[in-house]
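Novice: The chain contents come next:
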Amino acid sequence: MKVLTLNFLTCAVKACKSSSDSFPLHPKDCELVSDELEVNSALLTNVLTRVDWKALTTTAAELGFPTLPATPPTPEELAGDEKMLKELHTLLMETQINEGKLVCGHCGHEYAVKEGIANFLLPNHLV
Amino acid sequence: MEYMIRFSQSHETFRLAEIEALAVLEGIKFQVTSYSASSPFCFFKTTSEDAAIRLVKRSILAKCVYEVWGTGLDYEALHENVVVTSQNVWAQYKTQTFKFFMDTFQGSRSIAEQRELIEEFRYLGFTGPVRMKKPEQEFCILEHWPFENVSGECPKPSAIHLGRYLGGSERDAIQKYDLKKRKYISTTSMDSELALVTANLTLASPGKLFYDPFVGTGSFPIACAHFGAIAWGSDIDGRSIRGKGKTNLYANFEQYDLKNEFGDSFVADLTNTPLRATTLFDGIVCDPPYGVREGLKVLGSRDPTKGKEIVYQDGIAHHLQAGYIPPKRPYSFLAMLDDILDFAALSLVPNGRLSFWMPTSNDQDEEIHAPTHPCLEMKSICTQSFNRWSRRLITYRRIPDSEVVASIARNRTPKGDGVSADDLNPFRKRYFEGFRPS
Ligand SMILES: C[S@@+](CC[C@H](N)C(=O)[O-])C[C@H]1O[C@@H](n2cnc3c(N)ncnc32)[C@H](O)[C@@H]1O
Ligand SMILES: [Zn+2]
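Those protein sequence lines, which keep their order, are chains V and R. Position 34 (the first sequence) corresponds to 34 in my numbering; numbering is contiguous. Whatever position you read off the second sequence (first residue = 1), add 1000 for my numbering.
The hints are simulated quantities; they were obtained by calculation from the structure and are not laboratory data. The beta carbon of each residue, even a glycine, is placed where N, CA and C say it ideally should be. Among the hints, erroneous ones may be present.
To be verified - Anything over 12 Å on all C-beta distances counts as not near chain V; from chain R, calculated:
(1) 1067
(2) 1088
(3) 1097
(4) 1259
(5) 1263
(6) 1306
(7) 1319
(8) 1390
(9) 1392
Stated by the list, open to error - With beta-carbon atoms standing in for the labels, derived distance ranges:
(10) V/54 to R/1387: 52 to 60 Å
(11) V/38 to R/1089: 26 to 34 Å
(12) R/1410 to V/76: 38 to 46 Å
(13) V/34 to R/1388: 48 to 56 Å
(14) V/35 to R/1277: 24 to 32 Å
(15) R/1314 to V/67: 18 to 26 Å
(16) V/110 to R/1187: 52 to 60 Å
(17) R/1179 to V/67: 53 to 61 Å
(18) V/90 to R/1310: 33 to 41 Å
(19) R/1108 to V/34: 25 to 33 Å
(20) V/69 to R/1277: 21 to 29 Å
(21) V/38 to R/1244: 38 to 46 Å
(22) V/39 to R/1188: 32 to 40 Å
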């Protein structure tokens, strides 16, 4: 699962949605892998309008990536900055959680990631 | 001059909807001047030759587009009309390499007949050499023959057109993505032609983010990725995503060299989605479970009195054990459609699009109406008919918040506590009854 996808996801438990602790989910015991992909600047520009930057900063720190700037680059800044494009591309698109768990900071529920596929199905007591 | 799309004569109700979507995508203004479901020739006006080419180049249901040089009910009328319509441009093509060919819809012509008919156009005065391979200009004589030729009478076409070929379409992609040659499919994979049309209707294009909440084997994400969108998908059934060994959803992206367009896949129930409730996607495409060939299930126990406490087995919480499968219960198809609309209203960017398939009985009294939502404008309803039932592809546009009319109340199907799949899904019930009169 890509770091970008992690930024789109919160806890699946309805009661957790209103709590700010349920997002982002926290990677635990995670094995990271990286796939080499082409930099897609149109996509990254689009993606920045959907990404929650604060949560991304948290995730990057939790995964041991260099600290992100406090605010996201504007589309103009991004377009002219090859290095920034490449770094965001590596973090958001290429880096993937292959095995591990994603933990909700509110209810503590752990979602398993196996072979890159996260499972968000809930047991009956959480539905 | 006028232009003409040469459509494939199939999936008639999808054809103009696809072209209208492509016009939005390309920012082209066009106006249909003559079109009928029973004809593959669609005449239209647009701003330029370039616009006509761009309108059709991504189309799956069009074959190509022509500049119209003349039209008539018989050859005499055609030739007269060609002179009136196109004489002023003949000089431009006088010395270019060219060829003529014929397109005989519902009819046929021998090589000798074709040569004779083509010869009749000598008066165009082209002096450039004829070249069969890659000529600079191609001209087509398009004949429309009546559906059934009455034998005995001298058969002839009912309309004839002369067109200058401008450009092709994306129809070859149908073969490229043919399910017969795809690595990983299931009984509910969508055929490549209709999956690609769906991607066009939702305006999939480079750099956009797309999502299929009922992804199965990934037919829609693959089609959207073909057009350059990055596609995500999820399914309540993890097995459909994982497949067996190296035969899985991701293998399809590898097969078609679309790894760069793969977003992600994960296991989730749309009614308990982990996706943040905010604008994430430019397009949502799906074929929700009808409950006929595959179960329509959501998370939770069938028995509403079943405990909300954690179940322990040998001192370990059951849901934490390896191989644990959460309980699922049947759910109403109509409620699921409303859930899709609610989800799309939350998740689509302004002017983003939702397309989904839904089945319906061919009997008018049993028709299931397309659901509505105050934030979603219905753009098109396309129908694919089978013997007893049909399925429809419905496409909506997310109306920007500033234009949403707040006074329209939401009218949705209750989430439903019915127990059997039949109670919850009128279509499934009628399907298994064989659509007998009730
Ligand atoms: C008609 S199939 C879609 C097939 C898919 N278009 C493909 O290319 O393979 C419907 C899918 O919805 C899934 N499904 C059923 N209930 C669901 C739910 N509540 N949430 C998410 N997916 C569900 C089924 O497992 C099935 O794979
Ligand atoms: Zn939670």
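Novice: Give a verdict on every hint.
Specialist: Structure-based check of all given hints:
no.	hint	result
1	1067	holds (32 Å)
2	1088	holds (42 Å)
3	1097	holds (38 Å)
4	1259	violated (7 Å)
5	1263	violated (7 Å)
6	1306	violated (6 Å)
7	1319	violated (4 Å)
8	1390	holds (33 Å)
9	1392	holds (30 Å)
10	V/54 to R/1387: 52 to 60 Å	holds (55 Å)
11	V/38 to R/1089: 26 to 34 Å	violated (43 Å)
12	R/1410 to V/76: 38 to 46 Å	holds (39 Å)
13	V/34 to R/1388: 48 to 56 Å	holds (51 Å)
14	V/35 to R/1277: 24 to 32 Å	holds (29 Å)
15	R/1314 to V/67: 18 to 26 Å	violated (45 Å)
16	V/110 to R/1187: 52 to 60 Å	violated (34 Å)
17	R/1179 to V/67: 53 to 61 Å	violated (47 Å)
18	V/90 to R/1310: 33 to 41 Å	holds (40 Å)
19	R/1108 to V/34: 25 to 33 Å	violated (58 Å)
20	V/69 to R/1277: 21 to 29 Å	holds (27 Å)
21	V/38 to R/1244: 38 to 46 Å	violated (29 Å)
22	V/39 to R/1188: 32 to 40 Å	holds (35 Å)
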